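Trainee: Chains as they are written, first to last, in our numbering: chain A, 1 to 382; chain B, 1 to 291; chain C, 1 to 327.
Careful: at least some of the hints might be erroneous.
[Claimed, not checked] Straight-line alpha carbon distances no greater than 30 Å define the calculated DSS-like cross-link-like pairs of lysine-lysine that follow:
no., chain 1, residue 1, chain 2, residue 2
1, A, Lys93, C, Lys152
2, C, Lys152, A, Lys135
3, C, Lys24, A, Lys160
4, A, Lys324, C, Lys24
5, C, Lys24, A, Lys183
6, C, Lys24, A, Lys67
7, A, Lys60, C, Lys24
8, A, Lys66, A, Lys368
9, A, Lys160, C, Lys152
10, A, Lys317, C, Lys24
11, C, Lys152, A, Lys291
12, A, Lys66, A, Lys320
13, A, Lys66, C, Lys152
The hints are simulated quantities; they were obtained by calculation from the structure and are not laboratory data.
Since this is a predicted model, take the numbers as computed values, not measurements.
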Amino acid sequence: MLRAGLIASVLAAGLGLAAPALAQNTVYIPAILELSGPGAVSGTNFRDGMLLAIEEINAKGGILGKKIDTPILDTQSDAGISRAQIQKVIDNKPYVIIGPVYSGSVLVDMALAAQNEIPEIVGGEAAAITQKGNKYVFRTSFGQQFSMPKIANYIRDGVKAKTVSLLWVNNDFGKGGRDTFKKEMEKRNIKIVADISSESGQTDFSADVVKIKAANADAIFVYLNEEESARFLREAKKQGIKAPLIGETTLLGQKVIDLAQGAAEGVKGHVGLTVDAPVPAVKAFAERFKKKFNYVCDHNGIKGYTAVYFIKYVTEKMGKFDSKLFAQTLHGLTITPKEEPGVLMEATFDQNGDIDRESFLGQVVNGKQKIVEVLPKLGNSK
Amino acid sequence: MASFFQLLVSGLATGAIYALIAVGFTLVWQTSQTINFAQGEFVMLPAFFILAAMNAGAPFWLACLIGIVLSVVILGLLFKFIIVDPMLKYGVLPLVISTIALSLFLKEGAKDFYSSQAQPFPSLVPATDFHVFGIVVSLQSLVVLAAATATVVALHVLLTKTRLGRSMQATAQNPTLARILGIDVNRMVLYTFLINGALVAIASILISPIYLAKFTNGETLGIAAFLAAIIGGFNQVRGAILGGVILGVLDNLSAAYISAQYRGAFPLIILIVVILFRPQGLLGRIEERTV
Amino acid sequence: MSRLGAVVVIAAAIFAVVLPFFLKPFGLYLISMWAVLTVAAIGLNLTLGYAGQVSLAQGAFVGIGAYTVGLLLPIGVPFPIAFVAAGLLCFVVGWILGYPALRVQHHYLAFVTLAFNTLVFLVLRNEEWLTGGTYGINGTPRPTLLGWSTNKPLDFYFLCLGAMVVLAAATWWMLRSPWGRAFVALRENPIRALSLGLDTRRYTLMAFAIGSSLGGLSGALYAPLVQFIEPNSFALGMSFNLLLMVIVGGGGYFFGPFLGALVAVLLPEWMRVTQDYYLMVYAALIMVMMAFCPSGLLGLVDRVGRRLRSGEQGPAAAAFEPQSTPP
Numbered sequence: 001m002l003r004a005g006l007i008a009s010v011l012a013a014g015l016g017l018a019a020p021a022l023a024q025n026t027v028y029i030p031a032i033l034e035l036s037g038p039g040a041v042s043g044t045n046f047r048d049g050m051l052l053a054i055e056e057i058n059a060k061g062g063i064l065g066k067k068i069d070t071p072i073l074d075t076q077s078d079a080g081i082s083r084a085q086i087q088k089v090i091d092n093k094p095y096v097i098i099g100p101v102y103s104g105s106v107l108v109d110m111a112l113a114a115q116n117e118i119p120e121i122v123g124g125e126a127a128a129i130t131q132k133g134n135k136y137v138f139r140t141s142f143g144q145q146f147s148m149p150k151i152a153n154y155i156r157d158g159v160k161a162k163t164v165s166l167l168w169v170n171n172d173f174g175k176g177g178r179d180t181f182k183k184e185m186e187k188r189n190i191k192i193v194a195d196i197s198s199e200s201g202q203t204d205f206s207a208d209v210v211k212i213k214a215a216n217a218d219a220i221f222v223y224l225n226e227e228e229s230a231r232f233l234r235e236a237k238k239q240g241i242k243a244p245l246i247g248e249t250t251l252l253g254q255k256v257i258d259l260a261q262g263a264a265e266g267v268k269g270h271v272g273l274t275v276d277a278p279v280p281a282v283k284a285f286a287e288r289f290k291k292k293f294n295y296v297c298d299h300n301g302i303k304g305y306t307a308v309y310f311i312k313y314v315t316e317k318m319g320k321f322d323s324k325l326f327a328q329t330l331h332g333l334t335i336t337p338k339e340e341p342g343v344l345m346e347a348t349f350d351q352n353g354d355i356d357r358e359s360f361l362g363q364v365v366n367g368k369q370k371i372v373e374v375l376p377k378l379g380n381s382k
Numbered sequence: 001m002a003s004f005f006q007l008l009v010s011g012l013a014t015g016a017i018y019a020l021i022a023v024g025f026t027l028v029w030q031t032s033q034t035i036n037f038a039q040g041e042f043v044m045l046p047a048f049f050i051l052a053a054m055n056a057g058a059p060f061w062l063a064c065l066i067g068i069v070l071s072v073v074i075l076g077l078l079f080k081f082i083i084v085d086p087m088l089k090y091g092v093l094p095l096v097i098s099t100i101a102l103s104l105f106l107k108e109g110a111k112d113f114y115s116s117q118a119q120p121f122p123s124l125v126p127a128t129d130f131h132v133f134g135i136v137v138s139l140q141s142l143v144v145l146a147a148a149t150a151t152v153v154a155l156h157v158l159l160t161k162t163r164l165g166r167s168m169q170a171t172a173q174n175p176t177l178a179r180i181l182g183i184d185v186n187r188m189v190l191y192t193f194l195i196n197g198a199l200v201a202i203a204s205i206l207i208s209p210i211y212l213a214k215f216t217n218g219e220t221l222g223i224a225a226f227l228a229a230i231i232g233g234f235n236q237v238r239g240a241i242l243g244g245v246i247l248g249v250l251d252n253l254s255a256a257y258i259s260a261q262y263r264g265a266f267p268l269i270i271l272i273v274v275i276l277f278r279p280q281g282l283l284g285r286i287e288e289r290t291v
Numbered sequence: 001m002s003r004l005g006a007v008v009v010i011a012a013a014i015f016a017v018v019l020p021f022f023l024k025p026f027g028l029y030l031i032s033m034w035a036v037l038t039v040a041a042i043g044l045n046l047t048l049g050y051a052g053q054v055s056l057a058q059g060a061f062v063g064i065g066a067y068t069v070g071l072l073l074p075i076g077v078p079f080p081i082a083f084v085a086a087g088l089l090c091f092v093v094g095w096i097l098g099y100p101a102l103r104v105q106h107h108y109l110a111f112v113t114l115a116f117n118t119l120v121f122l123v124l125r126n127e128e129w130l131t132g133g134t135y136g137i138n139g140t141p142r143p144t145l146l147g148w149s150t151n152k153p154l155d156f157y158f159l160c161l162g163a164m165v166v167l168a169a170a171t172w173w174m175l176r177s178p179w180g181r182a183f184v185a186l187r188e189n190p191i192r193a194l195s196l197g198l199d200t201r202r203y204t205l206m207a208f209a210i211g212s213s214l215g216g217l218s219g220a221l222y223a224p225l226v227q228f229i230e231p232n233s234f235a236l237g238m239s240f241n242l243l244l245m246v247i248v249g250g251g252g253y254f255f256g257p258f259l260g261a262l263v264a265v266l267l268p269e270w271m272r273v274t275q276d277y278y279l280m281v282y283a284a285l286i287m288v289m290m291a292f293c294p295s296g297l298l299g300l301v302d303r304v305g306r307r308l309r310s311g312e313q314g315p316a317a318a319a320f321e322p323q324s325t326p327p
């Protein structure tokens, strides 16, 4: 019977029976992120940005005198595992949950978080996330329904294109972007002459480039993940594509520029969050990040970093830890860097949990991302 | 038409890489019945050995040498002694599970101990492109094609023209008979593992400048190597070359002319057809089936 | 079954019923996942462990089952009907996939099924009009059966456990029947089975079809458990994982899949104490386990048991030996 008891206790521990000892002077803000599998690049950046913010805040005494306690749980980039992890942290009564980044996982997790009235600050960009009437989900970057109109305007007014070729990666990120982009193009009467899907992790882009060349559009919109963007750019340069290459954050990032080894020259596009933004606070953050983790952070690093500071600001504004009130307070709130330097750039949350910030039009010049125009917040331009 | 040839040439370069990976896979399978589900990760890893050596201050050529040696020792020697040997006598399946676990282990290892971010990798040659009849060929892919072909030809000569090679082939075809003929079977099996260790390192050096070094690179490469090996013929080095080239070219042509969304499906359909109607592969010999 | 074996099984059954009352929703989710995946692993064990046909497509069948339920429930089909439909559909597809097995064996069959799995993945991802494509299907509801709502984690666990027990019992019964003995005969010596007048074609197809339909039924529970399905969940990784469960538990042992699924679901969770390295540690443990008990955990138990009884063959093993005459 002794053995059975032992097995039972081991089993129980593994099944999360034994709650972690939550000290009185910490606040439990768990993070659920893609740290292995195909999402690992985004997840790692997000995590490191978050860790930097937590370290800074805890060094200064934490939030309302409580240190932030953030266990990090890997989803293996899988929705089923992500759901297990969010259940695990919800069982321990978190204050706020951070992550995940993959839209599929976000959709599963946010339903559960909302049921338990716990706010979740996510990295996902799929339009659907904030269209389900969920009162507890908040973004850290533009949803595709906000970024794509900006690109579309740029293609119409900046590039003055009448036709456009579209290359996208066939995962939930790429497909979501492609569908939103297509709608925006139709609204502006710009014709999509080639609509080409590519595989996640694809290495040979010669067929894609051949098709794009054959379509001969005025502009080419590229919506791929970072490494694929770099591989595509090299192939495009090799086969001598002349039409302007337009992209989003994942085409213009410094990492893509470095990986593409010269092939990114002249690429243009819209950047939501970038460490190359002409904002001193962002630049200083990028320096600290580079110093601590020894690599250049991408937009996910900024998302993770600012997520923690959003929590800090809202909590201090409320003066107490109250999950339900947190969600109510953040809706419609504008946070400026003057009030909380850690948010880096002014941000406004709307009633759906969507975030609004300034964004940028950039261009790659001499192997560096150069910001050519600052686009105002959507709220101001309306 | 120019675009057709463009696709053909690009496909050839990709196919040569697949062939290189498939050859090693086939050799190991033939001599030891090891279906190595970690073969893709074997190609992913040497690039990180080399990057680590360069970070430690070694020049590129020395780092490559270190990478190849480490690969032969770890992915050849240690793989055989620690993972394959203890399990060989228990049949194929436990070993399959073990190599699946190994692939996870190597992927996670590269990620945890190096980086989850894709890394630029130095190229053997400068980025120059040639324009011939409207087709663009990069020097890089020519070097890949030449190096892969040279390696495979050298291997073919070794296997068919030398005593050692013939002993290895005899081992692959019939270990019992080989033993009777006085061949040191264990040593021959070991050689194939070492050769595979070297081949994956060479493949890694060739592709990493183009594919970038990343911990997930093995996922597509491993499957591609299986497909190439089976389509071409499991028991022939030439078969693996044919299989690799068919795969590389077919992938490009089907993506361009049939369906980009289903580009992954065409090699699989060919695989199924080949297995059902010519299970020994396009160039393979029929193996006697024991009951 | 030996007396000791019976005691262990009954103890485990009591454990499976009592334990959940002490668990939080996370623990319940994990053991529900265990029950669901065990059903798929039992199916694969039937195809692989008993009939000896290597299949790397079981994950695809879990996917087909999950999508069947995920698509039928929103249009108003009651869960029991959708559940049965998932099983039937997979039975038919599995039967068709069995045909290659009549021509090729072993690793060739493994590669055909591997290719099939990836083809299914591509269809699930690309045919957006039907499957929702990369977006997947969100919010599959948990069923209400005869007024019993399984929306709460504990209720849903008992639904999964109940389904697992019923399906396992059916499989157990089938394996005792002449059919089941024919499967084993097929694995041990197909030529002999043929010479004894066994219709090996039909039994090969049957082994595939029944194994696949169990995969589909597992998927039918997977969709309401996770409440989100996407093509990636049913790619090769799932098939590898199910194969791992069968082999680690002990291929050809009836209770192997139960144990194997327990390892595959719980071990990575336990290893999370090693933080960033948990998947490496898990992978290493699997390799060690395979090196020390290549016939699986139950194979090890069997071996130790036999040694204790000094060479006497255990009755548990005898039940699965091929000497039981095929019909």
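Trainee: State for each hint whether it applies.
Mentor: A quick look at each hint next to the structure:
For the proposed pair Lys93 (chain A) and Lys152 (chain C), the alpha carbon gap of about 18 Å is at most 30 Å, so the pair holds. Of the supplied pair hints, the one linking Lys152 (chain C) and Lys135 (chain A) holds, its CA atoms being roughly 22 Å apart against a limit of 30 Å. Proximity of Lys24 (chain C) to Lys160 (chain A) is assessed by CA-CA distance (about 58 Å); at most 30 Å being required, the pair is judged violated. Between the alpha carbons of Lys324 (chain A) and Lys24 (chain C) the distance comes to roughly 22 Å, so the proposed pair stays at or under 30 Å and holds.
Restraint check: the Cα-Cα separation between Lys24 (chain C) and Lys183 (chain A) comes to about 45 Å, which exceeds 30 Å; the hinted pair is violated. Between the alpha carbons of Lys24 (chain C) and Lys67 (chain A) the distance comes to roughly 26 Å, so the proposed pair stays at or under 30 Å and holds. Between the alpha carbons of Lys60 (chain A) and Lys24 (chain C) the distance comes to roughly 35 Å, so the proposed pair goes past 30 Å and is violated. Simply put, Lys66 (chain A) and Lys368 (chain A) have alpha-carbon atoms about 41 Å apart, too far for the 30 Å limit, and the pair is violated.
Taking the CA atoms of Lys160 (chain A) and Lys152 (chain C), the gap is near 55 Å; set against the 30 Å cutoff, the hint is violated. Only pairs whose Cα atoms come within 30 Å are accepted, and Lys317 (chain A) paired with Lys24 (chain C) is rejected, the gap being roughly 33 Å. A threshold of 30 Å between alpha carbons decides the hint, and for Lys152 (chain C) with Lys291 (chain A) the separation of about 47 Å lies outside it, so the pair is violated. A C-alpha spacing of about 11 Å is found between Lys66 (chain A) and Lys320 (chain A), which places the hinted pair at or below 30 Å, so the restraint holds.
Simply put, Lys66 (chain A) and Lys152 (chain C) have alpha-carbon atoms about 34 Å apart, too far for the 30 Å limit, and the pair is violated.
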